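> All chains, please: the whole structure from these sequences, using the hints.
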Amino acid sequence: MSEEAKPRRYPLLLAAFDGWNDACSASTNVIRHLLNAYQSREVGGIGCEGFYDYQVARPMLCHVQGRRSICWPETKFYEVRLTPEVSLLVETGPEPNYRWEEYCKRSIRMAEDYDVGAIVTLGSMFADCPHTRALPIDDLASDEADVDTEGHSGPVGIPTVLEALAREAGFETETVWVSVPQYLGSDECAQGTLQLLRRVSGLLGLPLDEGDLPQRADHWRAQASVLTRCNDDLAEYVRRLEVESDSKAASSIPSHVNDPTARELVREAEEFLRSMDGPGKGD
Numbered sequence: 001m002s003e004e005a006k007p008r009r010y011p012l013l014l015a016a017f018d019g020w021n022d023a024c025s026a027s028t029n030v031i032r033h034l035l036n037a038y039q040s041r042e043v044g045g046i047g048c049e050g051f052y053d054y055q056v057a058r059p060m061l062c063h064v065q066g067r068r069s070i071c072w073p074e075t076k077f078y079e080v081r082l083t084p085e086v087s088l089l090v091e092t093g094p095e096p097n098y099r100w101e102e103y104c105k106r107s108i109r110m111a112e113d114y115d116v117g118a119i120v121t122l123g124s125m126f127a128d129c130p131h132t133r134a135l136p137i138d139d140l141a142s143d144e145a146d147v148d149t150e151g152h153s154g155p156v157g158i159p160t161v162l163e164a165l166a167r168e169a170g171f172e173t174e175t176v177w178v179s180v181p182q183y184l185g186s187d188e189c190a191q192g193t194l195q196l197l198r199r200v201s202g203l204l205g206l207p208l209d210e211g212d213l214p215q216r217a218d219h220w221r222a223q224a225s226v227l228t229r230c231n232d233d234l235a236e237y238v239r240r241l242e243v244e245s246d247s248k249a250a251s252s253i254p255s256h257v258n259d260p261t262a263r264e265l266v267r268e269a270e271e272f273l274r275s276m277d278g279p280g281k282g283d
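Each residue of the sequence shown is one higher than the last, beginning at 1 in full-length UniProt numbering.
Just so you know, these hints were derived from the structure itself, not from any lab.
Note that the coordinates shown come from a computational prediction; the quantities given were computed from them, not determined experimentally.
Keep in mind that a hint or two might mislead.
[As the list claims (entries may be wrong)] Derived CB-CB ranges, DEER-like:
id, residue 1, residue 2, range
1, R229, D113, 50 to 56 Å
2, E85, Y54, 37 to 43 Å
3, E168, D139, 18 to 24 Å
4, D128, V56, 26 to 32 Å
5, E236, D53, 38 to 44 Å
6, A134, G19, 24 to 30 Å
7, E102, Q182, 32 to 38 Å
Glycine included, every Cβ here is placed at the ideal spot set by N, Cα and C.
Dropping the structure here:
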C-alpha cells in the first residue's frame, strides 16, 4: 500500500485566531510553526463576506509573482501531516467581527468532515507574570468545564465560543491559554509559543519538531533581562512577580512531598510579600 493510500487519523482540530485572543502572537505562531515544520496543504476555508468589519480587519495589498492584488481577511484550514498515519487539521485566521455562531458552526462542520477526535483552541493573554519563570499555562478539558465555578467570568473571544459550541455538538474539547508578561509590550513571545507547542505535543502523545523555538525563547528571555537591568523600578516589579510565582509553585506541591519544606517556602514568600506592601510602597 502506498503512503498516500494509507489511512490517516486526525486526532485534533487545532485552532488559533489573530486579534484579542492572541497576545504577542504566541498562539497563532504555533500554527505558523507547524505549517513550516511539516508537510501541509490547504484544505478549506471560511470566506470573509459577512464575518468581518473591514475597518477593523482591513484587506491588505499583496504582491504575488510581481502582481498586485487585494488579500481579504479569511480563515483557512490546513492538513498538517505529522507522520504517515497521523495528521492534524488546523484552523487560523483573524477573529471575526460578526455572526460568531455561524462561523463556529462552519468550523465544526469542517471537523466533522475530517472525523477529528477532539477540538483544541489556543489563546494567549497579557498577565502579571515574570519572564524568568515558566509562563503560566491554563487549560480546561470538556469534562472539567461544567465544574469550573472558580474560572473566568466576563468577556470572551472566539476560541471560547468555538470550544463551547463544539462541546455542545458532542466533541471532546480543550482550550489552552498561555500568559505572557504585560510589561514587555507586544513583541512576539517565542517562550509562549514554545510552551503551547509542548502542551499540544502532550495532548497528541507525539513529540513535535520544535525547530529553532528553544533558541528564540532563550533570546526572548535574554532581551527581557537586559530591559529589566536598565530600569530599577521594573527590576523590583519583576522580583515581586518572581516571589508570587514561586509562592504559587510551592503551594501546589503535593502535601506528601517534603511537606515541611513546602510550608516553609510558602511562609517565607508570604512574609516577603507583606514586607513589600508596607508603608511607602507604590507611592
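> State for each hint whether it applies.
Hint by hint, here is what the structure shows:
| no. | hint | result |
| --- | --- | --- |
| 1 | R229 / D113: 50 to 56 Å | 52 Å, holds |
| 2 | E85 / Y54: 37 to 43 Å | 42 Å, holds |
| 3 | E168 / D139: 18 to 24 Å | 19 Å, holds |
| 4 | D128 / V56: 26 to 32 Å | 28 Å, holds |
| 5 | E236 / D53: 38 to 44 Å | 42 Å, holds |
| 6 | A134 / G19: 24 to 30 Å | 25 Å, holds |
| 7 | E102 / Q182: 32 to 38 Å | 33 Å, holds |
Every hint from the earlier list agrees with this structure, and none is contradicted.
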